[in-house]
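Taken in order, these protein sequences are the chains called L and P.
Just so we're aligned, residue 1 is where the first sequence starts under the working numbering, counting upward by one.
Just so we're aligned, residue 1 is where the second sequence starts under the working numbering, counting upward by one.
Hints are computed from structural coordinates only; laboratory data are not their basis.
Glycine is no exception: its CB is placed at the ideal position from the N, C-alpha and C atoms.
Certain hints may be false.
Calculated cross-link-like contacts (lysine-lysine; reagent style BS3-like; alpha-carbon spacing at most 25 Å) [claimed, not checked]: (1) P/LYS2 / L/LYS387; (2) L/LYS144 / L/LYS303; (3) P/LYS119 / L/LYS144.
According to the in silico footprint, chain P covers these stretches of chain L (three or more CB under 8 Å from chain P) [unchecked claim]: (4) 117-125; (5) 140-148; (6) 208-216; (7) 263-272; (8) 353-363.
Chain residues, written in single-letter form:
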Amino acid sequence: MLDRMHILICGGTECKESNSLELRDKFNSEINKLALGDDVKTILTGCFGLCALGPHVVVYPGETLYSGVKVEDVPQIVEQHIKNGKPVERLLYKGEFNRNKFRNRSELTFFARQKRIALRNCGVIDPLNINEYIARQGYEALGKVLTKMTPEEVIDEMKKSGLRGRGGGGFPTGLKWEFARKSVSEQKFVICNADEGDPGAFMDRAVLEGDPHSVLEAMAICGYAIGADTGYIYIRAEYPVAVARLEEAIQQAKDLGVLGDNLFGSDFSFNIELRLGAGAFVCGEETALIASIEGERGMPRKKPPFPAVKGLFGKPTNVNNVETFANIPVIFLKGADWFKSIGTEKSSGTKVFALGGKIANTGLLEIPMGTTLREVIYEIGGGIPNKREFKAVQTGGPSGGCITKESLDTPIDFDNLIGLGSMMGSGGMIIMDEDNCMVDVARFYLEFTVDESCGKCTPCREGTKRMLDILNRICAGQGTLEDLDVLESLGNMIKDSSLCGLGQTAPNPVLSTLKHFRDEYLAHVVDKVCPAGVCSHLTNYVITDACIGCTKCARNCPVGAIEGTVKGKHTIDPSICVKCGACKTACPVNAISTDPEDWKVA
Amino acid sequence: MKTLEELKALRKKSYEKMYMIGVANGVRVQVGYGTCGIAAGAKPVYDTFVEEIKALNLDNVEVTKVGCMGECAFEPIVEILESNGSKTIYCLVTDRIASEIVEEHILKGNRIDKYLLSKIKR
């Protein structure tokens, strides 16, 4: 067992108050008593972020975390764990802690578990003040690249970093740059894809609003690498704050001379212009985006030729997403090896996720690739509110699929998510609990893609519409078993035959819910009930004996369908009830049931 | 911008200003001003800070708009950075709370625990 062990003792302020210095001395003296001094080392570290239960001690290897350790516990830890290799059960950290004690950013789990690269400056600097960006090493990467590196070296560094496109597909960014570099042309373009359209995803907006210069700097680096002197940022007009800040940032960069002609004394010049999109989801697809910048209707084109060969105005073009760009300056400041060391082997670096749906901490978080879904949802995201049960998480927005409870321990990276039948997408993560009907969720996403389909190719235009018709029928209680087979074959057909990414992925939410939640579809089709109580044609609300007569449901009912006396059991009149679910949300004791077992009896 | 040295000199200057190096009792008030913050009412909060700091003539205090720090559900968020290295995050701030922060925290140095992000978050 004794093979170079380390004992880490928290030396943060709060733990020091609870005698961590004495603890260290006691550890040292116990270790010396057993003559283990050569193999075991004690280290005083910074705050672990669980201050309420301090002082903490971590034993490596194994990363055993003890909390609330007292001086008199030390001999037992040394004897039992260090010497004999058996952790002391009674002192192990139990996972429940009082967040009220946390003081600042690094001590809050929400921040402590994150690793911020793309979001490094968001919420830290004044986005409208270029000097604050520079104070945080802004434009140093560009200066370094222009004065010390050749374009080929820049591309090699990018390839070495292993950075993959954060917009959806996960294509290696270095390779993309290399293709654009190798295309011979007088004129080339760099485009930043800021047409963020996934429902529930807003990381690009946060970067553009909080740190616009990081994108500008990275675009200039890309321009140098591929040989382009002009960049376009294609951003949706629905982001007025981001648009205004980008305009201001571009002007400031020009005034300071970090955009414009002969940057850093070189013969490289670079300018950036904004192009506003009208918010069509399909314009997130790069060829449709290019068509839109050209003034055409936003519709995808056939690939190949890829944009790297024939893109904007027929010239070689490199398109990257906002978050991809935001990572790039850091790669050149800290080196590709550093970046490669974060994350997993095939997906290096971090990813920003927008947590939404049934989750306590709605918001943005950036985590190293390889973090598990469970850690994201339960530890950083704070779990599911209102004591509800987790059902599924939807990643990749309308192009992705549902991931179930069984897969929660999968490390998040591009390939694992695809393996689970979903995808990374732009990083929206919608958490669903037992009150979500999966058929209804699939229908929601399909409604979105039907709306957003550009109509150019038949499978996507007609196929998704037919799928939606079937889902509407199922939700209305008119579905048949045959419908499920049709959904499946139609979905696969659309995937195989659509022109662009929108159609190729549009059936995913339906196919993945069909696969993982077939029982819910069957309940809708065969039993004509919606187990979650969402589809109003297929459910009834009843009040169970758990009712405490608090009258909250009756007061919240918009149609006055609930009757009952104070402290007496309430009842719902099904002939008035519109099945809106307001009572269920209001009930403090979970006495409103949509469980068919309950309402069939009633 | 012609050389890397020129940039680094500017960086040093900006860094010192931003982190209040050499300012006695420097305070930097960061108001979350992303779309999420604005929607939750960051403008009156920002305006209150600016007005009160101006009225009190506090030249050691800088009020700044910053982007989203990710805790969108708890906006408007105000982070107070002090030149002694302490950082405090207040959340769900209103213009009334902003006045209270100026009064208690900035003037008297008393952190107001009940508005802390760590207190309000479940």
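How about the stretch 117-125 of chain L: do at least three of its residues have a C-beta closer than 8 Å to a C-beta of chain P? Holds, because 6 residues of the stretch 117-125 of chain L bring their Cβ atoms closer than 8 Å to Cβ atoms of chain P.
Coverage of the stretch 353-363 of chain L by chain P (three or more Cβ within 8 Å): holds (count 4)
Holds or violated: are the alpha carbons of L/LYS144 and L/LYS303 at most 25 Å from each other? Roughly 35 Å separates the two Cα atoms, so the pair is violated.
Counting residues of the stretch 140-148 of chain L whose CB is closer than 8 Å to a CB in chain P, do you get three or more? n = 4 at 8 Å, threshold three: holds.
25 Å Cα cutoff - pair P/LYS119, L/LYS144: At roughly 44 Å apart (the allowed maximum being 25 Å), L/LYS144 and P/LYS119 break the hint.
Straight-line alpha-carbon gap P/LYS2 to L/LYS387, limit 25 Å: violated (59 Å)
Claimed coverage, the stretch 208-216 of chain L by chain P - three or more beta carbons nearer than 8 Å: holds (count 3)
Whether chain P covers the stretch 263-272 of chain L (at least 3 residues having a Cβ closer than 8 Å to its Cβ atoms): With 3 residues in contact (Cβ-Cβ under 8 Å with chain P), the coverage given for the stretch 263-272 of chain L holds.
Hint violations for this structure: numbers 1, 2 and 3, all remaining hints satisfied.
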